[in-house]
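*Asks:* Chains D and P, in that order, are what the protein sequence lines are.
Counting from 1, position 67 in the first sequence corresponds to residue 67 in the working numbering; the numbering is continuous, with no gaps.
Each number in the working numbering comes from the position in the second sequence (counting from 1) with 114 added on.
If you are wondering where the hints come from, they were derived from the structure by calculation, not from laboratory data.
Incorrect hints may have been included.
Calculated pairs, DSBU-like style, for lysine-lysine (alpha carbon to alpha carbon, straight line, at most 30 Å) [said to hold, decoys possible]: (1) P:K214 x D:K62; (2) D:K78 x P:K185; (3) D:K11 x P:K208; (4) D:K62 x P:K208; (5) D:K62 x P:K156; (6) P:K208 x P:K136; (7) P:K156 x D:K11; (8) D:K78 x P:K156; (9) D:K11 x P:K171; (10) D:K78 x P:K208; (11) P:K185 x P:K208; (12) P:K182 x P:K171; (13) P:K214 x P:K185; (14) P:K214 x P:K151; (15) P:K156 x P:K214; (16) P:K214 x D:K78; (17) P:K136 x P:K171; (18) P:K214 x P:K171; (19) P:K156 x P:K136.
Computed from a predicted model, the values in this text were never measured in an experiment.
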Amino acid sequence: DARVTQTPRHKVTEMGQEVTMRCQPILGHNTVFWYRQTMMQGLELLAYFRNRAPLDDSGMPKDRFSAEMPDATLATLKIQPSEPRDSAVYFCASARDGLDRQLFFGEGSRLTVL
Amino acid sequence: GENVEQHPSTLSVQEGDSAVIKCTYSDSASNYFPWYKQELGKGPQLIIDIRSNVGEKKDQRIAVTLNKTAKHFSLHITETQPEDSAVYFCAASKGRRDDKIIFGKGTRLHILP
Numbered sequence: 001d002a003r004v005t006q007t008p009r010h011k012v013t014e015m016g017q018e019v020t021m022r023c024q025p026i027l028g029h030n031t032v033f034w035y036r037q038t039m040m041q042g043l044e045l046l047a048y049f050r051n052r053a054p055l056d057d058s059g060m061p062k063d064r065f066s067a068e069m070p071d072a073t074l075a076t077l078k079i080q081p082s083e084p085r086d087s088a089v090y091f092c093a094s095a096r097d098g099l100d101r102q103l104f105f106g107e108g109s110r111l112t113v114l
Numbered sequence: 115g116e117n118v119e120q121h122p123s124t125l126s127v128q129e130g131d132s133a134v135i136k137c138t139y140s141d142s143a144s145n146y147f148p149w150y151k152q153e154l155g156k157g158p159q160l161i162i163d164i165r166s167n168v169g170e171k172k173d174q175r176i177a178v179t180l181n182k183t184a185k186h187f188s189l190h191i192t193e194t195q196p197e198d199s200a201v202y203f204c205a206a207s208k209g210r211r212d213d214k215i216i217f218g219k220g221t222r223l224h225i226l227p
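So here's chain D without its partners, still in its complex pose:
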């Protein structure tokens, strides 16, 4: 059945290293969201795209985070350089265009920065 696929599922890295997380949205979904989940902040919206164009990335620290959609089947979230405070679970979600969109979430990428 159709689902959002995220890789890697788990990543442990050292401070200062580059981290890239990837997301394959459900085929036919043209909106992609990146959320970060922490105990303190819940689900924070980092960025989202519609038809591969970035609509809002105001939730991202611009100096170290970047999000792109090189094509309709791939969304990436990159952190460079990573810091311990970036440790969290990063979720990608996709949705079909239209009103009252239902988000379909991937299983998340758990990032630990030492």
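Given chain D, work out where chain P should sit, using these hints.
*Replies:* Chain P only, in chain D's frame:
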């Protein structure tokens, strides 16, 4: 921008009792309010939603109510069961195709045997 507050952060109820989770939102232009359930190790999944032209919606044991004047909405789970244990998120958006969906911080619901 929109801000969604959710309470409580943790809730424990006896199996069979009811659970209520409450949310408030700040942007009066928001008109779509979904609820998501997140089980351990999984991504959140939509369980019910409501639009602002409706005051209440029910689906078996879950119901959502909306008070647009007060800008708050609630999730009600009746006859709770062990499988209801999860984290629940409320969210708000304007419902337009290009609008962001903002989530509350979540409520961890424990169903006690």
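*Asks:* Decide, hint by hint, whether the structure agrees.
*Replies:* Status of the hints after comparison with the structure:
As the CA atoms of K214 of chain P and K62 of chain D are separated by approximately 18 Å, the hinted pair is consistent with the 30 Å bound. Of the pairs offered as hints, the one joining K78 of chain D and K185 of chain P is violated, with about 36 Å between alpha carbons and a cut-off of 30 Å exceeded. Distance hint between K11 of chain D and K208 of chain P is unfulfilled; the C-alpha atoms sit about 35 Å from each other, more than 30 Å. At most 30 Å may separate the alpha-carbon atoms for a hinted pair to count; K62 of chain D and K208 of chain P meet this at roughly 26 Å.
About 28 Å separates the Cα atoms of K62 of chain D and K156 of chain P, which keeps this hinted pair within 30 Å; it holds. Only pairs whose Cα atoms come within 30 Å are accepted, and K208 of chain P paired with K136 of chain P is accepted, the gap being roughly 19 Å. Under the criterion of a C-alpha separation no larger than 30 Å, the hint pairing K156 of chain P with K11 of chain D is consistent with the structure, at around 16 Å. This hinted pair checks out: K78 of chain D and K156 of chain P have alpha carbons roughly 22 Å apart, not beyond 30 Å.
Between K11 of chain D and K171 of chain P the CA atoms are separated by roughly 41 Å; this puts the pair beyond 30 Å, and the hint is violated. At roughly 29 Å between alpha-carbon atoms, K78 of chain D and K208 of chain P fall within 30 Å of each other, so this suggested pair holds. Pair hint K185 of chain P plus K208 of chain P holds up; C-alpha atoms about 13 Å apart against a cutoff of 30 Å. A hinted pair counts as satisfied when its Cα atoms are at most 30 Å apart, and K182 of chain P with K171 of chain P qualifies at roughly 14 Å.
Simply put, K214 of chain P and K185 of chain P have alpha-carbon atoms about 18 Å apart, close enough for the 30 Å limit, and the pair holds. The straight-line distance between the Cα atoms of K214 of chain P and K151 of chain P is roughly 19 Å, inside the 30 Å bound, and the hint therefore holds. For the given pair, K156 of chain P sits about 22 Å from K214 of chain P by alpha-carbon distance, which is consistent with the 30 Å threshold. Restraint check for K214 of chain P and K78 of chain D: the C-alpha separation of about 21 Å stays at or below 30 Å, so the hint holds.
Using a Cα cut-off of 30 Å, the hinted pair K136 of chain P and K171 of chain P holds, with the two alpha carbons roughly 15 Å apart. Proximity of K214 of chain P to K171 of chain P is assessed by CA-CA distance (about 23 Å); at most 30 Å being required, the pair is judged to hold. A C-alpha spacing of about 23 Å is found between K156 of chain P and K136 of chain P, which places the hinted pair at or below 30 Å, so the restraint holds.
Of the numbered hints listed earlier, those contradicted by the structure are 2, 3 and 9.
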